[in-house]
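Number of protein chains: 2
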Amino acid sequence: MAQHLVTFHLDDPALGAHAPLRSVHVPTGMLLTEAARMAGVEIAQPCGGQGRCGRCAVHLTQGEVRRRSTLRLSAEDVAAGYALACQSVVEGDVSVTVPPQEKIERRLTTDRVVAEVEVPGGYDARTLQTIQRVSVSLTPPSLDDQTDDWSRLVTALRQQLDVEEVQVSLPLLRRIGQVLRETEWDVTAIVESNPQAPTARLQLLDLRPSEPPLYGLAIDIGTTTVSCWLVDLISGKVVAQVAEYNGQIARGEDVISRIIYASKNGNSAEMQALVIGTINSLIAAAGEKAKVDLQNVFKATIAGNSTMMHLLLDIPAASIRLAPFVTAINHVPPLKAFDLGLKINPEAVIDCVPGVASYVGADITAGVLSSGLGDDERLTLFMDVGTNGEIVLGNRDWLVTCACSAGPAFEGAGVINGMRATRGAIEEVWINGETLEPNYRVIGNAKPRGICGSGLIALLSEMFLTGLLDKGGNLNSSLMIVEEDDLHFAPPEKSAGSGVSLHGQTRRIRQGEHGLEYVVAWASETWHGKDIAITHVDVDNLLRAKAAIYAGYTVLAERVGVPLESVERFLIGGSFGKYINVEKAVQIGLLPDLPWEQFQFLGNTSVKGAYRVLLNHNERERITQIASRMTYIELSADNTFYEAFTSALFLPHTDLSKFPNVANALTKT
Amino acid sequence: MAQHLVTFHLDDPALGAHAPLRSVHVPTGMLLTEAARMAGVEIAQPCGGQGRCGRCAVHLTQGEVRRRSTLRLSAEDVAAGYALACQSVVEGDVSVTVPPQEKIERRLTTDRVVAEVEVPGGYDARTLQTIQRVSVSLTPPSLDDQTDDWSRLVTALRQQLDVEEVQVSLPLLRRIGQVLRETEWDVTAIVESNPQAPTARLQLLDLRPSEPPLYGLAIDIGTTTVSCWLVDLISGKVVAQVAEYNGQIARGEDVISRIIYASKNGNSAEMQALVIGTINSLIAAAGEKAKVDLQNVFKATIAGNSTMMHLLLDIPAASIRLAPFVTAINHVPPLKAFDLGLKINPEAVIDCVPGVASYVGADITAGVLSSGLGDDERLTLFMDVGTNGEIVLGNRDWLVTCACSAGPAFEGAGVINGMRATRGAIEEVWINGETLEPNYRVIGNAKPRGICGSGLIALLSEMFLTGLLDKGGNLNSSLMIVEEDDLHFAPPEKSAGSGVSLHGQTRRIRQGEHGLEYVVAWASETWHGKDIAITHVDVDNLLRAKAAIYAGYTVLAERVGVPLESVERFLIGGSFGKYINVEKAVQIGLLPDLPWEQFQFLGNTSVKGAYRVLLNHNERERITQIASRMTYIELSADNTFYEAFTSALFLPHTDLSKFPNVANALTKT
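Those sequence lines, one after another, are chains Y and E.
Just so you know, the numbering used here puts 68 at position 38 of the first sequence, and the rest follows in order with no gaps.
Just so you know, the numbering used here puts 166 at position 136 of the second sequence, and the rest follows in order with no gaps.
For the record, the hints were derived by calculation from the structure and aren't laboratory data.
There's no promise every hint is true.
No copy is singled out in the list; a pair is fine if it fits within one copy or between any two copies.
What the hints assert, rightly or not - Subject to a maximum C-alpha distance of 20 Å in a straight line, what follows is the list of computed EDC-like cross-link-like pairs (lysine to aspartate or glutamate):
(1) LYS294 x GLU212
(2) LYS366 x GLU195
(3) LYS267 x ASP323
(4) LYS698 x ASP262
(5) LYS501 x GLU613
(6) LYS294 x ASP369
(7) LYS688 x GLU595
(8) LYS688 x GLU318
(9) LYS560 x GLU613
(10) LYS319 x GLU300
(11) LYS698 x ASP175
(12) LYS294 x ASP174
(13) LYS477 x GLU555
(14) LYS698 x GLU613
Values in this document were obtained by computation on a predicted structure and should not be read as measured data.
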């Protein structure tokens, strides 16, 4: 097949005039995005390469490509030589300029630790712990006793632990003889045992000269954020908590985009490598933070939504997005660290938490476990707000569940100045009703770098209550100061650092690149020296996210015939959940207008559930039962959900009677 | 570290003047043999790189090396620039000429098939077979039944087969969804089930659109020869039998040399690769011969001595040769084909037959199983003659076993014109007592290429009875014709093709490179146009081999207080066993002087045992019991064995009264 030379010019201001060239020879028919990957050039594909987001546009400077779709480009763009890399087929030599790519926040979060985690009640390291150390003293072999090394060890372990079967991997088997001789037949065996297995079966994980500390990992793979807890398996204590954006984000911002991207030839292995890369960097950071030798990490329990679990294992996820929406697997058999390339002890047991359905995954069963919902007699609604919104309603007698696609807006992605809840994020905002001047609080008391989920909710609510936004989410252009000599941009008076005008108008509302926007922080105040604003498009994304969630739980309650008012507890999990202001979340119509004391924010319930499962056999048993008890309800089965979603695309809702307290507050302003 | 250039000149006559140069850069301190391996140059190390055999000698043409040992080189050799590659440390640039390497017979044996193999009694494919096909018809998923693919399949399998647990590998899990959809939810599952496991546990091996044929492999890894049977698992029939020299031979001819070689840094992986290479070439040949798609091979049962099993698995074998002589493992857990890189279905189950001790391995338990020794009330002696001689004495009530190192002489290795029992091998020899002219029979009625084990035994016996050899194994030089004009070589008169002289002397005895030798076939008769002779050194090697075996079984019988005469059956396994002439084997003192009808030759009992285990769960259970019932007796514990060995280094023995029938025959001649 004909080969063509594709040359990429990286238009990165940081590189100045010396922007590097990267070239690669590719066969006819290859996509520009694939050629870029081969050349080691990063081109983000937030829609997973569907040609829907337009973010992979590149500029052709020489040669031509066949354009499959130019949906997101104007005729002028196309005429000027722009093309969507994910839709451009190479058919000859071509040179391409790649614009600066949106940098994904890769910084690890290790500074904002969830406060002391409660070690699950009844945890007893000696009886329930899944990983154990067993001291074994063997009689050395002699001419009178030529028993082989492995039988000698197994016989001792069987006697000491009362098990029938001892399993071992070939790589570990290769090391046993040497360790036994070096330790003079006095060793510590690290074993995984499960007293609830049908026969007492034991897995040998390592053989050491002395008792090592035992560590484990509880991991939550979110579509946007991966969280990882390093746990001391003896005390049950969490010794490090780290989180980072999922490395797959550049290949799709939501699960659907990722499935589409992964389903293309050869991409699934790349997707697996990306998330494993993220997990390994988190593991390394956690190990360094807590000064833990990663060879002493003998187990990892992993939760995540079903798509994330499939992509982690490189199991085809295509059936998740196609009717009738089934997963390949919900109950994954136990694996080893070497199966996935996790950089801990290669023999470490990898336990994937069981899921329920395509859109109610292991993260939700873990959430139900850690929230205690399945054991309580009170009617409880549990919701996990991440990139997807999953909802569980029930009590100890019954559990129903559904899912809706919220998008990543509340995780700070898909919002131009959005960011994760880490140092430098604006997490709370107040706006003065008269001056329209904002006041904000930043995580870590640092200069602001962006706005996280709780900050966005507060901002939306404040903008709505002060009239900066109308019910439909439109910025009020009448509040904008239009100066005669500059119709578009209204820079602040630098001395004042404010946008106040005497006429109740504000320079903070302005016409930006993406339409009208409101400036929350001026360049002079920020970490990066650039304005932090919220745009019309951001507001739209946030409204769609909150409408999807609201529609999800109201339709679910309706389906099972339970009035929302009879819900006694409203538990909220998810990475942003712990810090949001209920009043403001109700004001924008994200949460229902119920008494505040009924709401409880639980933080990342998925990683908490994984943590319980990691420590305790009984919890593993319980989560399997939870997964089988949950009845999944498909919201897309009829139009009810879509209608509820459309009605919720307002602040707080088309039907203000559903939000009496908000109506009341609006009357006051 | 300093790097040095090592250049190898291959002195191969076949390459003529254009003998290629191969160069490699190596650090200070590397052995020449390692450098050769890096450069892809083959240098045989039959003693495993101990500097004992002298066969790796090379000629230095430029530069110098540090010689660790020159034990096998004369002062003249060293002065002339010869060095042992396995003992030469590179310390500067050096050029080396590598003499032609002894070619190891790599030809597959597929032409001499063991006649019809009896399918083990009571074999019933439906109930006892280890691999099964299960047709499964699944209800396709729908919006009303969103069960995941894996649970859907497992539920069906559990119902149909009444099992508790279904295991699967991650690679197979990745394929399941696609196969189920392509077959429209109507598939054949290939499963391994073991009704005797503590809980009914089932291993999924493959998922197919329709019922494939099922094949398995029974493999015996001998130190010298690897044998492989391809078996139809439904009928139990053997569809192909192939054998080949073990690719490890160039790295040591006996187990001790191989252990020494493998114990050196990095060599163990090479040893594993060599034997797996041999097995894969056998598998390919068997598949081709029987027209079997190797993806339909779902199981392999492997037997071999303990060293071979350790090297196959790349488990350190060093403890086997060091007191107190223990193996790392006798009962190897089940493995998969992908663990070892066997080129059959990657999910195929690899079942390693259990062994007993360092020198009584899986080949012997397999031999005991296939010989039926453990079930018979008659006192039976079983012996397996390969490179090692292993002996089992007992009946259904008790079993004792021992081992002695026979060397590979009877397998045709370590004998200059020795070869395996394949086409072109002289397998029977008769010598005329007056003319001293031989007559021989060749396998396949071809021109002779060499002499196999049975031929060597016959030759030794005939030479002894005709006075060509004395009691001590010395060639009778007085029978040699010494021509005046040529003291050393006596070429035959080409027309006559005979070495007859009128004076009862013969030209067939002559002074050769390795001392006195007897010519069995003149160049004009042979396949390669070279004389086939047996040398003094060959006779020595054969005497040592037979003496070791004789000493082994007599000492074992003595230890348990059983007179050899009370043995009711004498069963002989081993690759050469099936074809030897009992009378002649008794005449050289290899077998005891017992009534001929008590001897029974069983051929390769190891591969036969592996075959039974492959087919039938009950046989697998029985072989485990056999392994645990056998009491190993260490012959090296005192001097008895050595004394018996020394007394047996004669034809037939120092004490002729132990061989009354031979004494009788000698009186007649």
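Inset, instruction - Report the numbers of all earlier hints that the structure fails to satisfy, in ascending order. - result: As far as the earlier hints go, 4, 6, 8, 9, 10, 11 and 12 are violated by this structure, in ascending order.
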